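Engineer: The primary structure of each chain is shown beneath.
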Amino acid sequence: MCTETLAFPISNGMKKGFVFLFILVLISGFLFAFKQMYGFRLRAIFAPPPSMPDEAFALRAENEKLRADIAELQNIKSQISQKPSGGIGAIVYSRYPLNFKSELLVNAGAREKISKNNAVTFGGMLIGKISEVFEETSLVQTIYDERFQLAVRIGKDGAQALLRGGSFPILDLISSTETIKTGDIVYSAGESFPYGLPIAEIKDIRVSDDKLFQVSTLKIPYDIGRINVVFIEK
Amino acid sequence: MNIKTISAFLLVVIGILLQLLIGDERGGWFNFALAALIALSFFCTFFEIFFLTLFALLVLNWQPGISFELIVFGIVPVGSFFFKKFIPLEPWVANLLFSLAGVIILYALFGIHVVTNYPALFLGDIVASLIYSAAVFKAMSSFFPAES
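Chains A and B supply the protein sequences, listed in that same order. If you read the first sequence in our numbering, its first letter stands for residue 1, the second for the next number, and so on. If you read the second sequence in our numbering, its first letter stands for residue 1, the second for the next number, and so on.
In isolation and in its complexed conformation, chain A is listed as follows:
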């Protein structure tokens, strides 16, 4: 009788190890595919949300809001129909973890009647818009996302510009005849957004590469990585 033996005998301990790993793989796969909320909680355990911005930021944000209100009132506000105010607060669950986009997941979705392109603010300042709506959550595309674009106005004269998102958002297509200066407030003027939401301040101004327009960089008074609660305008 020929007795065959395995070249690499598997002990009972190794078998138990394989079975245990296999079970872990099944559980992880199930959670990843169907219960992402547990992943968000794990993430909160591993990397607790950073501390909220301090009082100094709150004062800066209020200052920006007031300056935007003043600029708006000095412009053609009376000719613009006011959208009804109202919205809800939402907690930031997670952030896009790579360099290719800038998105936040918040805990308000179709159930709370959130719609795509709703404006999202923090401290009264526009930080992005709803890009995708799920049943209980929504994705916010922030102004740091390369795909983000918004028509804006600058200062009390209301110079028109296009906000282009990215790691360093800029204002583009500013007419070369417009007079803008460092410190001028930038506020929203897009069609589907509430008019006059402050976004940032003008930081530096230069002529575009094609010499046809002015381009400016922005001074943004908040740290997007520290935002834990946002307000969604409906």
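Do not rely on the hints blindly, as some may be mistaken.
Cross-link-like lysine-lysine pairs, in silico, DSBU-like; alpha carbons within 30 Å at most [unchecked claim]:
hint	chain 1	residue 1	chain 2	residue 2
1	A	35	A	113
2	A	15	A	35
3	B	84	A	16
4	B	84	A	116
5	A	15	A	116
6	B	4	A	16
7	B	85	A	181
8	A	15	B	85
9	A	35	B	4
10	A	16	B	138
11	A	16	B	85
12	B	84	A	113
Covered stretches of chain A, as calculated for chain B (at least 3 residues, CB under 8 Å) [unchecked claim]:
hint	region
13	15-26
14	33-39
15	94-105
16	192-200
Hint data in this document are derived by calculation from the structure and do not stem from the laboratory. All values derive from a computational prediction rather than experimental measurement. All C-beta atoms, glycine included, are put in the ideal place defined by N, C-alpha and C.
On the provided structure of chain A, position chain B as indicated by the hints.
Structural biologist: Positioned in the frame of chain A, the structure of chain B alone reads:
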């Protein structure tokens, strides 16, 4: 579960922590988790690397549902596990090569605009990922044999 698996798990957790904490604080996201997984593909069994990859995806996933970015992110370390046998180089060199290739694949598919508009960020990601991958490989090879 043995010491090797536990060590590998902790190294992945550290990579995820670094990625999330630096990303939240600095706004720049480095692929430490991917670097750790690729380095560990030289030490772990298939089920170990599969579990570690799924765990990393579970924690890094930022939205309901599965995204194409994360699918590719998950394929890279598993691909490294299978393709390492075909690279006729020392394991530590193959590890650096796979880590570099993994980061470049992600940027080529999803972040070409970052390469062109923010090359410093792209290069910084490569350097940081390679450093962490080398550190994980060194840590594991001090106690366990690398497989090629």
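Engineer: Hint by hint, note whether the structure agrees.
Structural biologist: Status of the hints after comparison with the structure:
no.: 1; hint: A:35 - A:113; verdict: holds (23 Å)
no.: 2; hint: A:15 - A:35; verdict: holds (29 Å)
no.: 3; hint: B:84 - A:16; verdict: holds (27 Å)
no.: 4; hint: B:84 - A:116; verdict: violated (45 Å)
no.: 5; hint: A:15 - A:116; verdict: violated (51 Å)
no.: 6; hint: B:4 - A:16; verdict: holds (15 Å)
no.: 7; hint: B:85 - A:181; verdict: violated (61 Å)
no.: 8; hint: A:15 - B:85; verdict: holds (25 Å)
no.: 9; hint: A:35 - B:4; verdict: holds (28 Å)
no.: 10; hint: A:16 - B:138; verdict: holds (29 Å)
no.: 11; hint: A:16 - B:85; verdict: holds (27 Å)
no.: 12; hint: B:84 - A:113; verdict: violated (50 Å)
no.: 13; hint: 15-26; verdict: holds (count 7)
no.: 14; hint: 33-39; verdict: holds (count 4)
no.: 15; hint: 94-105; verdict: holds (count 9)
no.: 16; hint: 192-200; verdict: violated (count 0)
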